[in-house]
Each structure stands twice: as structure tokens, then as C-alpha cells.
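Student: We have chain U already, so just place chain G on it with the hints.
Number of protein chains: 2
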Amino acid sequence: MRLTFLGTGGVWAAPVHGCTCAACEAARADPSRARAPASALLEVAGLRLLIDAGRTDLVDRFPPRSLDGVLLTHFHGDHCLGLTLMRWSMAEPLPVWCPHDPRGYDDLTKHPGRLRFLTCAAGDAFCIGPVTVTPVALIHSRPTLGWVIAHGAQRIAYLSDTRGLPDATFATLETAPLDLVVLDCAYPPGAPDPRGHNDLDEADALLAQLAPRDARLTHINHDLDQYAAVSGIVCGIAQDHETVDVG
Amino acid sequence: MRLTFLGTGGVWAAPVHGCTCAACEAARADPSRARAPASALLEVAGLRLLIDAGRTDLVDRFPPRSLDGVLLTHFHGDHCLGLTLMRWSMAEPLPVWCPHDPRGYDDLTKHPGRLRFLTCAAGDAFCIGPVTVTPVALIHSRPTLGWVIAHGAQRIAYLSDTRGLPDATFATLETAPLDLVVLDCAYPPGAPDPRGHNDLDEADALLAQLAPRDARLTHINHDLDQYAAVSGIVCGIAQDHETVDVG
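Residue numbers (our numbering), protein chains in the order written: chain U, 1 to 247; chain G, 1 to 247.
Chain U extracted, bound-state conformation:
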């Protein structure tokens, strides 16, 4: 399995419009340090699966027949804005596995165009070819699912957006070793108002409990980038376009 981060940022990722903090100025001066909305491309067993779709250039990135489906964690704009554009297409239908959320995102599920929304429930595993996907519940301000993706003995968990993890999700995650965990971490330690996202201390504690072979933090906001630059703690913070090979 190969996971490539297409984005690792939160809504307040560097560079934030109008912000002159060191992290935002650095991202403005060097676009390779800017963070697009948190999302990833998973390549496994000849399949190409998109995890989240907040980037608005997905129509250009993925021509017809270049994607086998989308695993959508939830219906916030920074995770599904690209779908509002990808739907207008004459290409083959594209399955989008997603949580049950009647509100959706504006008219996205009412006028899905090319997209085929397939509602999933936590714990109800399904197969995409030889790959087994198990949705797990996350803790966020909207119905949100993480994705545990298994192929042979390899096992990846993508867990964003969330603050903490429900017990049932821990139970699913701990049934077998995890090769890679990608975890929400939007804030530096002690963020005053960590709405729906982990801060760095919370993310570290969750990873200590899950003990995966490898881990990356995603959904990074500019204040965490600034904290990491000052403190020198950059280990585990994912970068846009970074690729992680598993197995």
C-alpha cells in the first residue's frame, strides 16, 4: 500500500489570508510549505482511492478512469468542496463511501451527477476488490468516519477529523497491528478552544495507546506549524505530497 498526502492542512492552514505569523509568511514565500485541505491518495492492489476531497483541483488531477472511488470522512467543506466540482462530468460513475448525514453539503447529494454516494455505518466492513475497508466512528462536530484499510496483512487507519476516539473505535483498531495511523492534530498543546480536533498532546497520547508501526499527523493549522518550528518538534507532522509506503 502507498499513501500520498494531497493535503495536510486544516481550514486555518498556512498561509492564512491576511496572517503575518512566521508559519504563514514562510508558506507564502515557499509554496512547498503551504498546506492544502487534508486528503490523501491510497494506491493498493491496482486500485486508486481518494481519501477526502477538499482540494478544488481534483477535476484536473484525476481524468476519467484514474480513480476507483472516494472515502469521504464527513461533509464539511474542507473535505468535500472538490466533490461539488467533480460531479459535473461525462466520465464513468464514481463511488463515494460516506457517513450517514442527511444534511450533506448544500445540494451535493441532491444533485450528485457522476457521484454515487454509498452510506456506511461504523463497524460494517466492505470490500473494494481485494481490499477490506472498515469504517470507524470519530468524534467531531458532524457525523464522521475514519477508515481502516486492510490488504493482506497490511493495515492502515486514517483518522481525521476527530478529537479523541470512541471506545468502539479503539476496539476495532486494536484487533490487529497497525502499519500506519494518520491522525488529526490541528493545534499546539493546550489550545484554548480545540473544537473537534486533537491538540499535539492529545494526538501523542492516542498514538501511544494505538502503538502503530508508523504514524503521521494531519489537518495542521498555522499555529501548530509555528509551534513546531519554534519547539523543533516536526517528527510525525505530515507534509503535502509526502508518500508513505507500507509493506
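Hints listed in this document are in silico derivations from the structure and should not be mistaken for laboratory results.
For clarity, every value in this text was computed on a predicted model and none was experimentally measured.
Just so you know, even glycine gets a beta-carbon here, dropped at the ideal spot from N, CA and C.
Any given hint could be a false lead.
As the list claims (entries may be wrong) - Partial selection, computed: residues in chain U whose CB lies under 8 Å from chain G:
| hint | residue |
| --- | --- |
| 1 | Trp12 |
| 2 | Val59 |
| 3 | Asp106 |
Tutor: Only chain G this time, still in chain U's reference frame:
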């Protein structure tokens, strides 16, 4: 007054994903022929006003203090998607004049961030510095306003999205000469299902009645581009990045 088209396309503008028609192939081969979502920048009396905000790169195009406001015709995604990104900003507040539409676009008006939505009613003119803006009702699937912008003796009308025009709008438009009319025209003549947009015959008839000094058609879909290429009728069809000077 100077009007620059930032986009002249409809939702089905060339290149449509997965479409191999001549217009879409031409736009794919030559990106200067591609059409972004219909929108424009109006520069007048030292002010810079954005008309519609469907482009998703507006955050990068307009740094702090480079815009004085947005005239939003309606809350469809291809006209306001860029606002969902522009709101997360530390720059100065940005006024957005818009129609009364309680539905809005997903959570855009609930979480406006930097944006200050100012609801307008057709016929109730207001001033932005020395510029007078008169909202006029259009005929579309959502509450939609056109904008008549006057500075001194110069007068521009931006009329998209619409199919036809209400009598009251004609009455407002005909009170004084029009230097430039920008009009919705999404389809070739006789389109089978022209939902909420003019076809070319309808647009031509409206322009004949309004008799402006100059006119441009916008919100062009790929089938109109293909029709225009075959028929040789390109006169009046706006192009992205085209600039029209008035006065």
C-alpha cells in the same frame, strides 16, 4: 469603468470532465480557451468590486486591501464557492451585497468569517463611494439579482444568471442609456431544456430590446462554444480575462 472577466463559463463550461466534444478538446489543448465560473472584476473610481465569486483561487488573487466588496448575484456554488474559502481570513472585513435567500450556501452565511453579507432588494439603490448600484430582479431557480452600476453618466448592467427579464427590471434598465450589458447565455438556440438560462436566440432578443452601446454574453456552456465554432458566430461571446473599458 473597466470590467475584466475573471470567468465566462457555466457549470458545463469547456472543458467538461470526460467530454470529448470539439470545444472541450480545444479547451483542454489550449487552456486560454477554458472558461472559469462566470465572474468579473469591476474597477471604477478607485474601487475594485468583484461580481460573483465561483472561482476557487480568489484567496490567492486578492490579498488583503485589494478588494472593496463583492456583488453576489445568487447562492449557487458556481457563483459563491470562492466565498467559502475567502471567509477564513485575518484581513479587513469584506462587504458582500447579495439577494435575500435564507437557504444561502451550506454554512456560508452562518459562519461568514471575514464576510459581511448585506441583503439587497430589487430596486433599492445604494452607494459604494461615488458609485450607485441598483439591484434588479432576474429569473432563475434561486433568488437572483442583477446589478446596474452607474458612475457619472456611465452605466453597466450585469445580468446573470437569468432566463428572460421581469418587466420591472426592463423598466429600471430603460431609464437611461446602457454603455455595457453583460447577459447570461448558456445554450445554443433551441436548447431542449434551458433551465434558468437564456439560449442564444433569447439573449439576442433581449439585447435588441435593451439596445446597449456594447454587450457581452457570459455563462457559456460547452455546447454553445461548439455551436459558435461551427456557425462562426462568436461576436459578443465574452472570453476569460477579456477587458471592456466604458467611457
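Student: Report the numbers of all earlier hints that the structure fails to satisfy, in ascending order.
Tutor: As far as the earlier hints go, not one is violated by this structure.
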